[in-house]
Amino acid sequence: MGAFRHHTLVAPDIADRARPGQMVSVAIGGPASALVSRRTLPIAAASPSGTYGGTVDVIVDPGLDAGMAWLGDLRAHDEVAMIGPVGRAYPLPTSGVDVLVVGVGASAAPVGWLAAHLRDRGCRVDLTLAGPDDRHLVGVIEARRIAGSVTVLTGADPELGADLAARVRTQLRTSEIAVVYAAGRARHLAPVVEVARPFGVVVQCCVDEDMPCGTGLCGSCEIPVRADDGMRHTIRGCTEGAVLRGDRVDWAALAEELG
Amino acid sequence: MGAFRHHTLVAPDIADRARPGQMVSVAIGGPASALVSRRTLPIAAASPSGTYGGTVDVIVDPGLDAGMAWLGDLRAHDEVAMIGPVGRAYPLPTSGVDVLVVGVGASAAPVGWLAAHLRDRGCRVDLTLAGPDDRHLVGVIEARRIAGSVTVLTGADPELGADLAARVRTQLRTSEIAVVYAAGRARHLAPVVEVARPFGVVVQCCVDEDMPCGTGLCGSCEIPVRADDGMRHTIRGCTEGAVLRGDRVDWAALAEELG
Amino acid sequence: MSDIGTEVEIGGLRLRVPVIGAAGCVAFGRELVRLGVQDDLGAIVTPSLTARTRAAAHRAVLREAPSGLLAPTVRPSYGVERLRPTALPWDHEGVPPVIVSLAGNTSGDFAEVASGLRRGSLMRRVAGVEIQLASVDAKNSHRPFAYDEFGATKVVARVRESVPSGVPIFAKLCADVTDLVEVARGCVKAGASALVVTSPVRGLLLDPATLRPVIDPASSGLSGPALLPITLRAVWDLRAAVRSGRLPPIPLVAVGGIRSGQDAAAALAAGASAVQLGTALLHDPDAAAAVVAGLVEAVRERGFDHVLDLIGIAHDH
Amino acid sequence: MSDIGTEVEIGGLRLRVPVIGAAGCVAFGRELVRLGVQDDLGAIVTPSLTARTRAAAHRAVLREAPSGLLAPTVRPSYGVERLRPTALPWDHEGVPPVIVSLAGNTSGDFAEVASGLRRGSLMRRVAGVEIQLASVDAKNSHRPFAYDEFGATKVVARVRESVPSGVPIFAKLCADVTDLVEVARGCVKAGASALVVTSPVRGLLLDPATLRPVIDPASSGLSGPALLPITLRAVWDLRAAVRSGRLPPIPLVAVGGIRSGQDAAAALAAGASAVQLGTALLHDPDAAAAVVAGLVEAVRERGFDHVLDLIGIAHDH
Ligand SMILES: Cc1cc2nc3c(=O)[nH]c(=O)nc-3n(C[C@H](O)[C@H](O)[C@H](O)COP(=O)(O)OP(=O)(O)OC[C@H]3O[C@@H](n4cnc5c(N)ncnc54)[C@H](O)[C@@H]3O)c2cc1C
Ligand SMILES: Cc1cc2nc3c(=O)[nH]c(=O)nc-3n(C[C@H](O)[C@H](O)[C@H](O)COP(=O)(O)OP(=O)(O)OC[C@H]3O[C@@H](n4cnc5c(N)ncnc54)[C@H](O)[C@@H]3O)c2cc1C
Ligand SMILES: Cc1cc2nc3c(=O)[nH]c(=O)nc-3n(C[C@H](O)[C@H](O)[C@H](O)COP(=O)(O)O)c2cc1C
Ligand SMILES: Cc1cc2nc3c(=O)[nH]c(=O)nc-3n(C[C@H](O)[C@H](O)[C@H](O)COP(=O)(O)O)c2cc1C
Ligand code: FES
Ligand code: FES
Numbered sequence: 001m002g003a004f005r006h007h008t009l010v011a012p013d014i015a016d017r018a019r020p021g022q023m024v025s026v027a028i029g030g031p032a033s034a035l036v037s038r039r040t041l042p043i044a045a046a047s048p049s050g051t052y053g054g055t056v057d058v059i060v061d062p063g064l065d066a067g068m069a070w071l072g073d074l075r076a077h078d079e080v081a082m083i084g085p086v087g088r089a090y091p092l093p094t095s096g097v098d099v100l101v102v103g104v105g106a107s108a109a110p111v112g113w114l115a116a117h118l119r120d121r122g123c124r125v126d127l128t129l130a131g132p133d134d135r136h137l138v139g140v141i142e143a144r145r146i147a148g149s150v151t152v153l154t155g156a157d158p159e160l161g162a163d164l165a166a167r168v169r170t171q172l173r174t175s176e177i178a179v180v181y182a183a184g185r186a187r188h189l190a191p192v193v194e195v196a197r198p199f200g201v202v203v204q205c206c207v208d209e210d211m212p213c214g215t216g217l218c219g220s221c222e223i224p225v226r227a228d229d230g231m232r233h234t235i236r237g238c239t240e241g242a243v244l245r246g247d248r249v250d251w252a253a254l255a256e257e258l259g
Numbered sequence: 001m002g003a004f005r006h007h008t009l010v011a012p013d014i015a016d017r018a019r020p021g022q023m024v025s026v027a028i029g030g031p032a033s034a035l036v037s038r039r040t041l042p043i044a045a046a047s048p049s050g051t052y053g054g055t056v057d058v059i060v061d062p063g064l065d066a067g068m069a070w071l072g073d074l075r076a077h078d079e080v081a082m083i084g085p086v087g088r089a090y091p092l093p094t095s096g097v098d099v100l101v102v103g104v105g106a107s108a109a110p111v112g113w114l115a116a117h118l119r120d121r122g123c124r125v126d127l128t129l130a131g132p133d134d135r136h137l138v139g140v141i142e143a144r145r146i147a148g149s150v151t152v153l154t155g156a157d158p159e160l161g162a163d164l165a166a167r168v169r170t171q172l173r174t175s176e177i178a179v180v181y182a183a184g185r186a187r188h189l190a191p192v193v194e195v196a197r198p199f200g201v202v203v204q205c206c207v208d209e210d211m212p213c214g215t216g217l218c219g220s221c222e223i224p225v226r227a228d229d230g231m232r233h234t235i236r237g238c239t240e241g242a243v244l245r246g247d248r249v250d251w252a253a254l255a256e257e258l259g
Numbered sequence: 001m002s003d004i005g006t007e008v009e010i011g012g013l014r015l016r017v018p019v020i021g022a023a024g025c026v027a028f029g030r031e032l033v034r035l036g037v038q039d040d041l042g043a044i045v046t047p048s049l050t051a052r053t054r055a056a057a058h059r060a061v062l063r064e065a066p067s068g069l070l071a072p073t074v075r076p077s078y079g080v081e082r083l084r085p086t087a088l089p090w091d092h093e094g095v096p097p098v099i100v101s102l103a104g105n106t107s108g109d110f111a112e113v114a115s116g117l118r119r120g121s122l123m124r125r126v127a128g129v130e131i132q133l134a135s136v137d138a139k140n141s142h143r144p145f146a147y148d149e150f151g152a153t154k155v156v157a158r159v160r161e162s163v164p165s166g167v168p169i170f171a172k173l174c175a176d177v178t179d180l181v182e183v184a185r186g187c188v189k190a191g192a193s194a195l196v197v198t199s200p201v202r203g204l205l206l207d208p209a210t211l212r213p214v215i216d217p218a219s220s221g222l223s224g225p226a227l228l229p230i231t232l233r234a235v236w237d238l239r240a241a242v243r244s245g246r247l248p249p250i251p252l253v254a255v256g257g258i259r260s261g262q263d264a265a266a267a268l269a270a271g272a273s274a275v276q277l278g279t280a281l282l283h284d285p286d287a288a289a290a291v292v293a294g295l296v297e298a299v300r301e302r303g304f305d306h307v308l309d310l311i312g313i314a315h316d317h
Numbered sequence: 001m002s003d004i005g006t007e008v009e010i011g012g013l014r015l016r017v018p019v020i021g022a023a024g025c026v027a028f029g030r031e032l033v034r035l036g037v038q039d040d041l042g043a044i045v046t047p048s049l050t051a052r053t054r055a056a057a058h059r060a061v062l063r064e065a066p067s068g069l070l071a072p073t074v075r076p077s078y079g080v081e082r083l084r085p086t087a088l089p090w091d092h093e094g095v096p097p098v099i100v101s102l103a104g105n106t107s108g109d110f111a112e113v114a115s116g117l118r119r120g121s122l123m124r125r126v127a128g129v130e131i132q133l134a135s136v137d138a139k140n141s142h143r144p145f146a147y148d149e150f151g152a153t154k155v156v157a158r159v160r161e162s163v164p165s166g167v168p169i170f171a172k173l174c175a176d177v178t179d180l181v182e183v184a185r186g187c188v189k190a191g192a193s194a195l196v197v198t199s200p201v202r203g204l205l206l207d208p209a210t211l212r213p214v215i216d217p218a219s220s221g222l223s224g225p226a227l228l229p230i231t232l233r234a235v236w237d238l239r240a241a242v243r244s245g246r247l248p249p250i251p252l253v254a255v256g257g258i259r260s261g262q263d264a265a266a267a268l269a270a271g272a273s274a275v276q277l278g279t280a281l282l283h284d285p286d287a288a289a290a291v292v293a294g295l296v297e298a299v300r301e302r303g304f305d306h307v308l309d310l311i312g313i314a315h316d317h
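Protein sequence lines correspond, in order, to chains A, B, C and D.
Position one of the first sequence corresponds to residue 1 (full-length UniProt numbering), numbered consecutively onward.
Position one of the second sequence corresponds to residue 1 (full-length UniProt numbering), numbered consecutively onward.
Position one of the third sequence corresponds to residue 1 (full-length UniProt numbering), numbered consecutively onward.
Position one of the fourth sequence corresponds to residue 1 (full-length UniProt numbering), numbered consecutively onward.
For the record, the hints were derived by calculation from the structure and aren't laboratory data.
Don't be surprised by glycine CBs; every beta carbon is placed ideally from N, CA and C.
Check before you lean on any hint, since a few could be wrong.
[Stated by the list, open to error] Simulated crosslink set (DSBU-like; lysine-lysine; CA at most 35 Å straight-line):
# : chain 1 : residue 1 : chain 2 : residue 2
1 : C       : LYS189    : C       : LYS139
2 : C       : LYS139    : D       : LYS189
3 : D       : LYS139    : D       : LYS189
4 : D       : LYS139    : C       : LYS189
[Claimed, not checked] Derived DEER-like restraints, expressed as beta-carbon distance ranges:
# : chain 1 : residue 1 : chain 2 : residue 2 : range
5 : B       : HIS6      : A       : HIS233    : 58 to 68 Å
6 : B       : HIS6      : A       : LEU74     : 20 to 30 Å
7 : A       : LEU74     : D       : ALA209    : 28 to 38 Å
8 : D       : ARG119    : B       : HIS77     : 53 to 63 Å
Use the sequences and the hints to build the structure in full.
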């Protein structure tokens with residue numbers, strides 16, 4: 001599957017409770033590792049039962065940093081310390097509506113699983129997978145089995161976000177989309193939320209940025225949001241996100257803070 | 001093989017040149033490791049040719065520290081950065097004499113290989129393997145195939161060194177031993193050298209103490225020795241040892257420095 | 001938990017176990033309860049509170065350093081003006097005793113936060129106060145208070161005035177100063193009940209792509225296992241100063257790089273009465289239980305029956 | 001090696017590449033030649049020489065710390081009295097330019113070692129002199145010279161008097177002081193040609209079995225990757241002081257935790273003209289080649305054509 005590695009991890013407690021949009025927080029390296037931060041990854045799938053009990057799947061981009069490289073190198077029977085499910089899942093519609101699902105790079109991990117849930121609720125699912133190139137896309141083939149239509153979009157930053165947004169705008173114009181589900185880095189999500197705004201369509205965003213603990217302890221994953229009363233404050237991306245309504249997030253402030 | 005792990009490492013350049021008593025210096029951990037020191041290990045065997053080219057064998061005591069634990073966890077096809085052969089080999093007799101070979105714990109790694117070389121030169125080899133318990137002994141069964149007689153000695157520190165020395169004294173008294181070859185920690189070697197002194201028998205000691213670089217750069221493996229003129233000075237255990245004539249080493253000073 | 005005693009007392013504060021959650025690394029305790037690990041900590045320290053809420057000037061971004069984390073020392077903070085006696089951020093069922101950390105940029109700021117805590121009946125939920133002396137002094141070229149005996153002393157004295165005498169004051173120092181004992185002495189004289197070392201040490205990393213600082217160099221600090229030898233040295237120096245009479249007797253709390261029972265035992269042996277865990281809990285929220293168990297084991301192995309027996313033994317010959 | 005220029009000049013000393021073997025981590029160069037890595041270093045620094053040979057009071061034992069090594073700063077040393085013009089310890093075919101490191105416990109000691117080097121024609125084989133200011137001052141409670149502007153200044157001045165004016169003097173400082181710029185300024189005024197930061201920072205580890213120090217706490221220092229953020233911060237502070245006029249212009253050399261081309265590029269961007277590698281070479285004697293290659297790559301990626309173009313760019317906005 002190209003540049004990414006796909007791991008299936010045995011974790012019955014997590015698998016039984018996990019829903020699309022939730023994450024696992026993983027300790028990196030062994031006892032002699034120089035890496036201190038955990039990595040918090042979106043769950044790509046959860047199977048409550050299996051040969052070894054429940055499993056969760058994650059997708060790793062080993063090219064990202066030393067910690068991801070370590071995760072990528074894990075082999076069968078290796079053990080990792082994992083906490084989950086972490087955070088808020090994608091809220092699902094109660095009735096079968098038309099939805100648009102978009103995901104970028106390895107952050108798109110949950111979209112296939114989400115699309116299956118949406119389909120099971122009777123939604124018509126339109127899915128777009130984006131990434132810098134073909135090697136950095138998650139499961140296109142699996143996606144075609146689930147979604148009504150699958151579009152692939154490749155291109156380099158910073159254009160990728162704009163291209164994706166343009167594609168979403170076209171969809172919103174030409175179909176009866178009730179909600180957009182998105183998964184990606186903040187820089188890819190912000191333009192999508194922006195184009196959806198005039199349509200009054202909510203974008204449920206799984207904001208995949210660094211979460212060094214994934215347990216709410218460190219406060220380093222804070223995301224600036226606007227509450228209903230317009231007051232700006234911050235919430236913890238790991239425990240109170242990662243799925244947030246796009247119109248609530250202060251994307252400009254977030255972009256500045258991410259540097 | 002009990003508490004120890006035995007690794008065969010593909011290293012044609014080293015295998016072609018290695019002789020018993022020499023070592024390999026191994027970098028520990030991957031790029032994200034918190035461990036900075038190398039580990040310098042006695043070579044347990046070298047096979048100049050094999051399926052993959054030449055190989056060297058090492059014996060690892062994973063219980064020793066985090067670095068050894070990492071080495072112990074290595075699996076087939078893992079790669080390690082290795083330098084060798086490091087240091088001075090055991091000098092071999094030109095004629096077939098009676099020799100006594102003793103080794104303690106994982107430091108005894110080279111004794112089987114050494115015994116085979118001695119046997120090939122026509123020596124009668126008497127071998128003693130010592131350790132805290134049966135699980136911390138190297139290859140007793142292999143040893144029996146090589147040596148004329150094999151004795152096993154187990155016991156706890158600090159008595160182990162004295163027990164080993166007592167055994168060596170008995171051997172020196174009752175046989176025509178021309179030279180003693182020993183491999184161990186300084187605390188085990190010193191009593192052996194002491195008992196051999198009155199017999200005028202040289203003990204060739206492979207002094208297996210910490211060697212953080214194994215290349216002569218750091219100076220942290222220095223061993224106090226007395227030169228022919230009686231002057232005390234120090235030599236680097238890694239590049240100028242690890243095999244040293246026991247009567248040249250200032251064991252009391254070394255013991256103090258090792259703490 | 002076992003036949004080994006683990007209770008310690010620091011400036012009047014009794015800790016069931018000598019392991020404390022460090023400021024900024026346990027939030028306000030709610031997450032510890034959710035994770036079910038609250039009982040492994042004798043107390044927690046809150047993220048540093050300021051007089052007024054400090055919004056994220058920068059995201060409190062963490063960067064990985066070798067065996068450490070680089071974090072900004074100036075972080076978004078909760079303002080004491082927002083505290084409501086009926087809804088303290090640390091008011092959750094099961095949270096261990098709470099030590100409130102105070103930050104500011106003038107001694108007046110600190111006094112204001114401390115006074116704010118007295119309002120209403122807030123103090124009843126405060127087991128102690130910790131002073132983040134790594135905060136920078138606006139009146140001294142923005143150098144940390146902890147770098148200067150005079151600055152540190154003034155802050156401690158002002159906080160001491162504003163806090164009821166029954167509430168212990170923990171002065172949190174920086175190990176990366178030329179003369180730690182001198183600063184410590186000032187804090188003790190000004191009324192500190194205990195000394196905590198170390199705050200993160202000054203550090204800098206550049207973004208590999210842009211070669212620009214990832215965090216403001218004036219206020220970014222290194223935490224994590226990399227600090228362990230620095231922390232132990234600082235504790236050793238302070239304890240040695242007490243033994244030699246250069247510093248009045250005062251309990252010490254070790255923080256910086258501690259993550260195992262063995263590390264904690266070393267900290268106690270060097271002279272600490274308790275340890276704080278910061279990044280260890282970020283790396284593994286179950287770390288406190290392992291630290292307590294390892295500490296108990298270290299006590300037992302030596303034939304002692306109380307963790308107090310370890311304190312300072314590294315100095316005995 | 002490539003179209004990218006790598007030569008730098010520090011206090012008159014030309015280095016083919018801005019990567020130097022750090023004191024005590026490359027012995028006298030013979031082993032580098034044996035390992036075939038001598039050409040990847042622009043110069044080497046010898047283990048610190050003393051006036052008289054210092055036998056191992058303690059074995060110069062190294063202990064592993066998280067991402068670091070703890071080593072005694074007082075080590076067995078080669079006495080300048082033993083130097084023979086015809087058989088210098090660094091007199092081996094292929095050894096790169098040699099900077100001789102000097103240690104002592106009084107400014108007189110340093111002067112004596114420096115004068116010793118003038119004897120015979122020794123100086124002809126000396127490309128520069130580095131002063132180990134982490135050495136402790138017998139006349140100042142055995143605190144390192146580098147902790148005290150006055151002490152450091154005196155040593156540099158005495159060495160400057162004893163060394164021919166064409167030979168550059170590198171003053172090696174300690175980053176773990178309250179005011180690094182103050183000490184640096186003293187050294188520059190006293191005649192230092194360049195500043196080197198950092199010596200190992202003070203650290204302590206206890207033996208887990210005995211809970212006693214493994215190395216004398218008064219003189220044990222932490223080296224290795226754990227230091228990287230501390231080194232970069234120290235270089236940044238000195239460069240910033242030069243830019244703001246608090247420190248006269250002077251070349252800087254970064255040492256402490258550097259092990260990759262990326263680390264070296266960061267050190268240059270922070271303001272260093274060259275880097276030294278210590279534990280990186282103990283961990284991997286081939287490290288210098290990788291550092292030079294990575295540095296060249298960092299220059300090329302940014303469209304520059306010389307490593308000089310990186311120096312100090314982290315300060316530009
Ligand atoms: C199929 C579908 C169609 C929808 N169509 C529409 C529509 O047409 N128009 C429309 O407006 N909505 C629409 N929505 C969105 C809907 O109103 C809710 O998002 C959805 O029902 C889930 O509700 P919730 O309360 O769980 O999450 P949300 O309302 O999404 O809750 C917001 C979350 O974001 C975080 N958050 C954001 N701001 C703050 C803040 N200030 N303080 C604290 N936390 C904050 C919190 O974590 C919170 O859980 C639709 C949703 C779905 C699933
Ligand atoms: C079968 C056999 C029988 C022997 N019987 C005897 C015997 O009966 N009596 C006897 O005296 N010897 C005996 N020897 C020892 C013999 O003299 C030599 O050890 C052996 O021949 C090897 O010589 P060498 O020069 O390589 O090593 P050695 O002489 O062992 O060399 C000593 C090594 O130790 C180190 N070293 C020690 N001290 C110093 C120092 N001051 N300065 C620098 N380096 C130092 C060096 O690395 C040097 O290579 C015997 C050896 C063998 C193999
Ligand atoms: C994410 C994070 C946030 C922190 N916030 C604070 C704080 O608000 N106040 C404070 O005094 N120290 C703060 N610190 C410092 C820690 O309390 C502690 O002194 C430091 O991390 C060293 O300990 P450690 O190595 O166990 O993490 C913070 C550290 C981290 C990593
Ligand atoms: C084994 C060892 C020996 C050292 N010997 C000396 C020395 O003799 N003189 C000196 O000034 N510094 C000495 N140092 C310090 C190094 O030169 C260097 O300043 C320090 O190790 C930090 O750099 P690093 O992280 O690259 O190792 C020594 C360091 C080590 C690890
Ligand atoms: S990642 Fe630490 S609080 Fe969210
Ligand atoms: S181990 Fe470094 S010189 Fe021998």
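Evaluation of the provided hints:
no. : hint                           : verdict
1   : C:LYS189 - C:LYS139            : 22 Å, holds
2   : C:LYS139 - D:LYS189            : 29 Å, holds
3   : D:LYS139 - D:LYS189            : 22 Å, holds
4   : D:LYS139 - C:LYS189            : 29 Å, holds
5   : B:HIS6 - A:HIS233: 58 to 68 Å  : 60 Å, holds
6   : B:HIS6 - A:LEU74: 20 to 30 Å   : 25 Å, holds
7   : A:LEU74 - D:ALA209: 28 to 38 Å : 34 Å, holds
8   : D:ARG119 - B:HIS77: 53 to 63 Å : 57 Å, holds
In summary, the structure agrees with every hint in the numbered list given earlier.
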